[in-house]
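A.B. asks: The two chains are supplied separately, each in an independent frame; assemble them into the complex guided by the hints.
This is what each chain is made of:
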Amino acid sequence: MIRIVGVLGLLVGLYAALLASNPAAGDTDNLMGVANLQGRFGIITLGAALVIIVGGIDLSVGSVVGCGAVLFGVLVTDGVHPFAAVPLVVLFGMLVGLGNGLLVTRLKLQPFLVTLCGMFVYRGVARLVGEALLGTVSRAAALEKNPDFRAPLDTLRRFLIGKDSTGELLFPAQFVLLLLLAAVVGFFLHRTAFGRYWYAIGHNELAARYAGVNVNRNRLVVYVVCSTLAAFTGVLLFLDTSTVQSNGAGETWELYAILGAVLGGCSLRGGEGTAVGMVLGAMVLPVLENLVRFRGLKNDVIPAVIGLTLLFGTIVDELIRRRSRLSR
Amino acid sequence: MLALDGVSLTLEAGEVLAVVGENGAGKSTLMKVLAGVYRADSGEVRLDGRAVRFPGPAEATAAGVVLIHQELNLAENLSVLDNLFLGREVTGGGPLRVLCRREMKARAAGLLARVGLPTDRLPARVESLPPGEKQLVEIARALGTAVRVLIMDEPTSSLTSQETERLYEVIASLKASGVSVLYISHRLAEVKRCADRVVVLRDGKNAGELSKAEITHDNMVRLMVGRDLKTFYPRRHRSGTGGSAVLTLRGVCYSGGPSWPVSLEVRAGEVLGMAGLVGAGRTELSEAVFGIRPVVAGEVLLHGEPLRVRSPADAIAAGVVLVPEDRRLHGLVLPEGVGFNLSLPNLDRLGTLLAIDRRREAELHRTWIERLRVRTPSAAQPVALLSGGNQQKVVYGKWLARGPRLLILDEPTRGVDVGAKAEIYSLIDELAGQGVAVWMITSDMEELLGMSDRVVVMHEGKVAGELARDRLTEEAVMRLATGGRAT
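Protein sequences, first through last, are from chains A and B. Counting from 1, position 61 in the first sequence corresponds to residue 61 in the working numbering; the numbering is continuous, with no gaps. If you want the working numbering, it's the position in the second sequence, counting the first as 1, plus 328.
Check the hints yourself; a few may be wrong.
Said to hold, decoys possible - Partial list, derived from the structure: chain A residues whose beta carbon lies under 8 Å from chain B:
1) M119
2) K145
3) N146
4) P147
5) T192
6) F194
7) Y199
8) A200
9) Y210
10) G212
11) R217
12) N218
13) G271
Keep in mind that the hints were calculated from the coordinates and are not lab data. Where a beta carbon is used, it is the ideal one built from N, C-alpha and C, also for glycine.
With the rest of the complex left out, here is chain B (with noise of 0.2 Å):
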């Protein structure tokens, strides 16, 4: 499979132009490409009519297009200002290249005057500065060079809402004074704030365009799933108003949590799904029931009866499984088979510990690749060869293998593609139909619009409120997500 197939777009000057899409639809790819970080196999970029091949950053750079990682890319041990300048520094000449430390000085502090920061912030290191700040740094540091096309991946998945206020600004400036800004986010809503216009991508390939006047949250979603809403988030099987709780928290705190207690509760045949910025301590509070964090105070019940978990294997074998965020990390062993992977919390259901029943377990491995459609030659199979969408359905195998009462989805699609999506949240349907309790974390908001049944919004590790299905919307859920109140 191709990461692009045959994209196209133009970019005026001064313009904002956003691309959107899926994860994994192609747009960092994309930008990549443009960026000269990654060659094109067939193809033309042309800057200004003329047709340019950047053989690295580098040359990208010297032409004027800049590409702001989604990850940021500064030395974070250097100060702000050595960041400004690193691989330009401006020296006195001759071999010892000796830096003229004034001269750079009084250019960054121009820089920095054009992105809204204080010029104290020169001395400080990066790692001292808040992620909005790194960000605007980052920008700063494009605007050294003679920036004509900036290109910013997902710019505010770490920023609070005031720090995306003040970035907003900044490329509103950079608009006026002629820049050409490429934007690409999935969050819908700031789409629809900053963007003239909107490319979106689906599986590598053009899915359309959308002038100012037609970007609209329905209209991009549309594009962007390439089906009916209906059918691609499916309930089918549950009815969605959840029957008794299966796992309820009272006044939990967690070891390295915040210091207030969260109560909770995830009831059988529902989808909960749970919402916030990064660092709003979801993650960590599904680990801590998961047993990978001790919790200290509070009480955790499965089906009413108290739960004590101290590590996994405990939560497993009460029936608490969890698909973690980070499957290539948490989730499977990349050098191994899809097999070894989908046996290896099983293997104690697989005759004894000291005697595998090999012919169970070859079983094992041929039900759920069937079940869940996993497309690999075979059970041995090293994963790390799979696609991501088939990877994410081995993490999904290896725990439904075992029927799981309450099943945790941290970021349930992460790096996953259309396809593959669809599939799963059938799935993440079914399941619940038969009863599973489902908590679903996510950071997508159209994942999260379209799978849940109720949403809980947590802020700084609080609960900081609940939405039902009939009050569930974006706008409701960026408020909570952001310290704002319910209305």
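So here's chain A without its partners, still in its complex pose (with noise of 0.2 Å):
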């Protein structure tokens, strides 16, 4: 409760900052774009903080998220309806998410490894597939191919992204998409066993498993679910922008996610998060990275900011901690 009150207090002040910065920035054409990164970098950070909740870690969103991407664009642009290609990626990610959650499981391996690998290999053919077989990744160069496409790629825009075809943003759609599905983390999390499972394997995996509970497969689950969804938002990432870099694209998303989950109330001990931080957390970074543009400073900064304001979060959540046990 007490995590939740703390992101919500930085959120509020990031937001006035944002307000009293530019007049121009409380536009809701801004405000609406901020949504919309909002919702993109929730998404992956429901998945990652689902797996920071059983007690590991995913360093591969990152590079699924660009896979995805360059997947989606390849499939449309080789004339695959883009209706059955968001289905086609969707599948993608859970066999990535499988992958990672065999190797964890079965064999045993370190999240941490088994994820960093994932996070070089799928970088790896997020490239060989974009630049090998394609050269560019665009909608441009998808729609040149198959222009009977513009139609479906259209609505896909208009209902996941928000913009209309002439590429004005009506409504924050990624955001809106990121609260249904908090919605639905959040009722697995919490009002169904599965969700129980999850926080006791995250605290103490061994006494879950003697009062029961199939770990293995629980585990594995979360990270299919994670997978999935990074791979689902390769797909925003591509109808959202121009071009798809296939060495650039959702680099270092990992490392957002994970940190939107932490600053949303995730231990990365286990055990720890609710969806609603989550949502939170993730809703943290663009704001301020909005902020930086705003207050006309050089993108160039944005990196040590973002590590100041996780570092300044953690501190005050520690100190909050000893306070509340001092107390007990």
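C.D. replies: Next up, the structure:
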């Protein structure tokens, strides 16, 4: 509870600073743009946070996003109908998660190592598929080859991104998607037996096993969910941007996802975290970036600002926790 | 609750004073206070009549008070020689602190001789030594300082009987040279052998003192539990004769276990006690039945039907549950609440997996918190904040809510205060009375003698023998447990 109040306070502060920095920052267009980014980061944060709750970590998220974007581009350019390409990319994400999960649960490899390898492997796959086969991955290229895909792609863009055919942002659809997915995740996490099992596994895997919980299957499911959400976010990335750079798309996003999860109250030791916290935690970063931009600072300072914010949040969190432990 | 509440004791020069008491009586805490590991809130420690105050173990050691821990405190990756001088290496002086190995070796040989270890052990890595020798290395290290008071916390818990004998000899020679020994143990047979005087603790208080002539098994147990043994180990509900076999093991071998097969029977309505030394394979056998270790040969029958268990989930579904030895590691999700833990193995019965029936869940929490008298402010209280006894009750509660057919108890009351122990014993009696088969693994001799209807003794993975209740004595159990023959 304290964690949620903490991240909420941080968000309010950041929004206030953003609005104060420049009159243009308060424009609906700008705020909707920020919300759209929040949605995109939020969706991968949900997955990463679930993995963190069961006591694991997924470093392959960013590469899977890139891979998903490239794969979607390649499929559509190759003549696969966009409506069919979306489930194919989602299937790809499930397979990736299955691979990660099986390596972690069956071979008992460390999640950090498995997903670190995954990070390189899927980045490599994205480059191979994207550059070697296609040259550039973009909507324009896809439409050039398949002009009759314009209508379905426009539909997808309207409902998943919230942009009309001219590229104007009508509503932050990605944020709406985030809220829907977060509601589903929250339902599983807080209302069903599965959520109980995930928390139990994260806190004490052995005790969960001795209580008859199928630890391996539950962890496997969580890895699958994480990679699936990442691959789906790849689709969003392709639809939202004009060109997908196969070597840069989604790069370091796994860290943004982890950062959002931690800001939102997940402990890297496992067993902690709430769906509301995940959403709030994921909302921090885009506001921060936007703020930096409106303050007229160079983009180069963004990484430093992000790092300092997380560090600050961690310190405040630790202090609050110590205080509450003393008062008990 | 205080871990120690106004305890007093005196120790003469060259005396072996045994401090006994149940688990959780405060023995180890007392010793740690004496050795400067913990600070006492009030009271004083006098050494040779002068009040002393040790801010830490280093100061205590310098004053001649040395504690040898229950869990050995040696650096396993270093050699015996390095361990003997760890923290007080002999150096050539100067800021570089270059080691004088020759000088250390010469002194070390003398120290090892005093505990009866050959000098060829010096270069050996400590991890390569058997537990008994590690214990002796610890003592030798203590002798390296000017030790006046040697405190030994459960020194024999991992020793074989031969190693234990050797330890007694060393204690006798220490005594002869004027060193005082505080000997903590819950093995009363040992205390009887080596102590000059016994101080009994119960729930952190002095419960009584016995002079050499008064040291008998019964006297010690009476002071330890502080009540009549008949009511402490009740058999009100069960007949103790045992009904039909609930669990039958026929020639069972399990992965990672010994190559010889184990056969065993646990009957309805009885408490089968299982004794054995550390490493006798009792916990491992129970884990094989509970589905944690794969069974590789032999038959496991439940009510005469073959029981195929590949995971704890299968065992639980068949009505076999395990209260594990280490509740903090295997039994509970400590940071989560009492209710969370009570629900965890029962979620399949509280509505569907996709929708937990909150009302039924709250009812389950209320029922078991009340029935087992778990002292907790609410079902949301994290179990980590409960006392050992209440934590253990939560472990029982989560299983009893399922109505088990076979209850495997591995050290059923470890780290539990006397009051909660009495409650757990009458609970076990009641369950057996209802026809539940209870398989109780325990290293606590009083518990074994008091609660068992029948005892199976394990030795090095084998069933060394079985003792009916009328032939159950501490001596008979220890003889079988150390590889001797039944008489």
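A.B. asks: With 8 Å as the cut and Cβ atoms as the points, is R217(A) at the interface with chain B?
C.D. replies: R217(A) check fails; min Cβ-Cβ to chain B is 10 Å, beyond 8 Å.
A.B. asks: Would the hint on Y210(A) be counted as holding, given a Cβ-Cβ threshold of 8 Å to chain B?
C.D. replies: holds (5 Å)
A.B. asks: Would the hint on G212(A) be counted as holding, given a Cβ-Cβ threshold of 8 Å to chain B?
C.D. replies: The hint holds - G212(A) has a Cβ within 8 Å of chain B, the shortest such distance being about 4 Å.
A.B. asks: Hint validation: A200(A) versus chain B, beta carbon distance must be below 8 Å. Holds or violated?
C.D. replies: Hint holds; A200(A) Cβ to chain B Cβ min 5 Å, cut 8 Å.
A.B. asks: Would the stated hint for Y199(A) survive a check requiring a Cβ distance to chain B of less than 8 Å?
C.D. replies: holds (7 Å)
A.B. asks: Quick one, is the K145(A) hint okay against chain B at 8 Å, beta carbons?
C.D. replies: K145(A) check fails; min Cβ-Cβ to chain B is 44 Å, beyond 8 Å.
A.B. asks: Quick check on the hint: T192(A) CB to chain B CB, less than 8 Å?
C.D. replies: Hint on T192(A): holds, closest Cβ of chain B at ~5 Å, below 8 Å.
A.B. asks: Take the shortest C-beta to C-beta distance between M119(A) and chain B; is it under 8 Å?
C.D. replies: violated (30 Å)
A.B. asks: Given N218(A) as an interface hint, is the shortest Cβ-Cβ distance to chain B below 8 Å?
C.D. replies: violated (11 Å)
A.B. asks: Per the CB criterion, is N146(A) less than 8 Å away from chain B?
C.D. replies: Violated - the Cβ of N146(A) stays beyond 8 Å from chain B, reaching only about 41 Å at its closest.
A.B. asks: Taking the closest Cβ pair, is F194(A) under 8 Å from chain B?
C.D. replies: Holds, because the Cβ-Cβ distance from F194(A) to chain B comes to roughly 7 Å (cut-off 8 Å).
A.B. asks: Any CB of chain B closer than 8 Å to the CB of G271(A)?
C.D. replies: The hint holds - G271(A) has a Cβ within 8 Å of chain B, the shortest such distance being about 6 Å.
In this structure, the hints that do not hold are numbers 1, 2, 3, 4, 11 and 12, in rising order.
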